[in-house]
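*Asks:* Residue-level listing of the chains:
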Amino acid sequence: MADTTKKTIILFSGDLDRAIAAFIIANGAAAMGDEVTMFFTFWGLSLLRKPQAPKHKKGFLQGMFGAMMPSGSQQLGLSKMNFAGMGPRMMRRVMRQQNVMSLEDLIASAREQGVKMIACKMSMDFLGFREDELVDGLDFVGVATYLSEADEANVNLFI
Amino acid sequence: MADTTKKTIILFSGDLDRAIAAFIIANGAAAMGDEVTMFFTFWGLSLLRKPQAPKHKKGFLQGMFGAMMPSGSQQLGLSKMNFAGMGPRMMRRVMRQQNVMSLEDLIASAREQGVKMIACKMSMDFLGFREDELVDGLDFVGVATYLSEADEANVNLFI
Amino acid sequence: MADTTKKTIILFSGDLDRAIAAFIIANGAAAMGDEVTMFFTFWGLSLLRKPQAPKHKKGFLQGMFGAMMPSGSQQLGLSKMNFAGMGPRMMRRVMRQQNVMSLEDLIASAREQGVKMIACKMSMDFLGFREDELVDGLDFVGVATYLSEADEANVNLFI
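Protein chains in written order, with our numbering: chain C, 4 to 162; chain Z, 4 to 162; chain R, 4 to 162.
Some hints here could point you the wrong way.
[Said to hold, decoys possible] Calculated pairs, EDC-like style, for lysine to aspartate or glutamate (alpha carbon to alpha carbon, straight line, at most 20 Å):
#1 R:K83 with C:D128
#2 C:K83 with Z:D128
#3 Z:K83 with R:D128
#4 C:K9 with Z:D6
#5 Z:K9 with R:D6
#6 R:K53 with R:E134
#7 R:K9 with C:D6
#8 R:K9 with Z:E155
#9 Z:K9 with R:E155
#10 C:K9 with Z:D128
#11 C:K9 with R:D128
Think of the hints as simulated: they come from the structure by calculation, not from any bench.
Note that the structure is a prediction, hence the values are computed from the model and not measured.
When you get a sec, could you build the whole thing from the sequences and use the hints?
*Replies:* Shown next, in the form of structure tokens:
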């Protein structure tokens, strides 16, 4: 058994179901006393967008990315059975009925439990997201930072 | 090198191709003498559904999930080139021609080799799957059990 | 902390965005002095196909796979917002504008840095890809080889 119980999760996906899975694992590990770092990259960044972000002048293509990607956790779709947005609504409704925490509650809980959230700077540059368009409390880092975190961990997942 | 060779695999996906990959890795590791735990969650649970499961009265939304998700390994689709079910049939046929084990054989082999299969209770509650709707021989657990298993392993994959 | 910093990445996906993520991690780790092994399987093999591969006589189904899967890194689609090929072109254009390395540069850099690339023989048999249809410098191996590599590593990702 390794002598660390730190966990890292790369959240590459912008799907609601995968984001929920990532945050359930992160919260579970934090509740067990593990250090947890989540690295948000590519579509996973959409989860962190402020619904009402400051407007910035952007190039055409980055403007397109901005317009097409979900603006925050409330707008995520499902990886399967999305049905033009019906699927996510169904999933959220069943989660409420089953007293499962919503994604937003899971994110808040992760923050409260000290889960470290870091955002991939290269993806941000690429997708044209500025720091003030994303939620507060993030670190903006490169892949080297992720790798250093992963070197200190015993479980590293790519979701 | 870590002093354990235990492996864990989270099977989140309900795609035939990803399920096959997961079971090939699990069987390979078990054949090398490694302890292996597979944690089935979200769409990955569809693989474990009995084709002829006992009927339960369910709420509308959970009834929908039950009706729309594949009932067992024979009904899985592909993550790419599914073509309304043509893709999986092609894949299965080529696998037979190439003497590659079918998914069902891979699952049976994993069981014979002692691969531990655990199903995520929270996903089951959420999707409305009862224990008797899933194949026999599973443990029904929470994320804490997965994390304990992962802490004892040196390779942990999310598929 | 483990006493190895070796990394392994299974590239299962044939999506441009996931392939880029895999190669950015691989290059980053190699630049930090880590040993890195990439295991290409299923759709991930499409990345390694020569655009002008020697023709082989194949069965109908394997001919279909060959015809439908992308022939090399230039033809990959996106996991999201593919828009019949518009998405990848947009992504590549923005990457150039942002001076992010292209996938082809990332692959070349990985080779230069000594990233070990191994291709899953079982997937190749299954999809009907011969060794001379894939780029040079690959090892053709089974899952046991991947597992041995992973046993020597401290970070193992499935992408």
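*Asks:* Now look at each hint and say whether the structure bears it out.
*Replies:* Tested hints:
Taking the CA atoms of R:K83 and C:D128, the gap is near 18 Å; set against the 20 Å cutoff, the hint holds. Straight-line distance between C-alpha atoms of C:K83 and Z:D128 comes to about 18 Å, which keeps the hinted pair within the 20 Å bound. Distance check on the hinted pair: Z:K83 and R:D128 sit about 18 Å apart at the alpha-carbon level, within 20 Å; holds. Of the pairs offered as hints, the one joining C:K9 and Z:D6 holds, with about 17 Å between alpha carbons and a cut-off of 20 Å not exceeded.
Restraint check for Z:K9 and R:D6: satisfied, since their Cα atoms lie roughly 17 Å apart, inside the 20 Å limit. Our distance criterion of 20 Å between C-alpha atoms is met by R:K53 and R:E134, whose separation comes to about 10 Å. The straight-line distance between the Cα atoms of R:K9 and C:D6 is roughly 17 Å, inside the 20 Å bound, and the hint therefore holds. About 19 Å separates the Cα atoms of R:K9 and Z:E155, which keeps this hinted pair within 20 Å; it holds.
The hinted pair formed by Z:K9 and R:E155 meets the criterion: a straight-line CA distance of about 13 Å does not exceed 20 Å. Of the pairs offered as hints, the one joining C:K9 and Z:D128 is violated, with about 28 Å between alpha carbons and a cut-off of 20 Å exceeded. Taking the CA atoms of C:K9 and R:D128, the gap is about 39 Å. The hint is violated against a cut of 20 Å.
Violated hints, in rising order: 10 and 11; the structure is consistent with all others.
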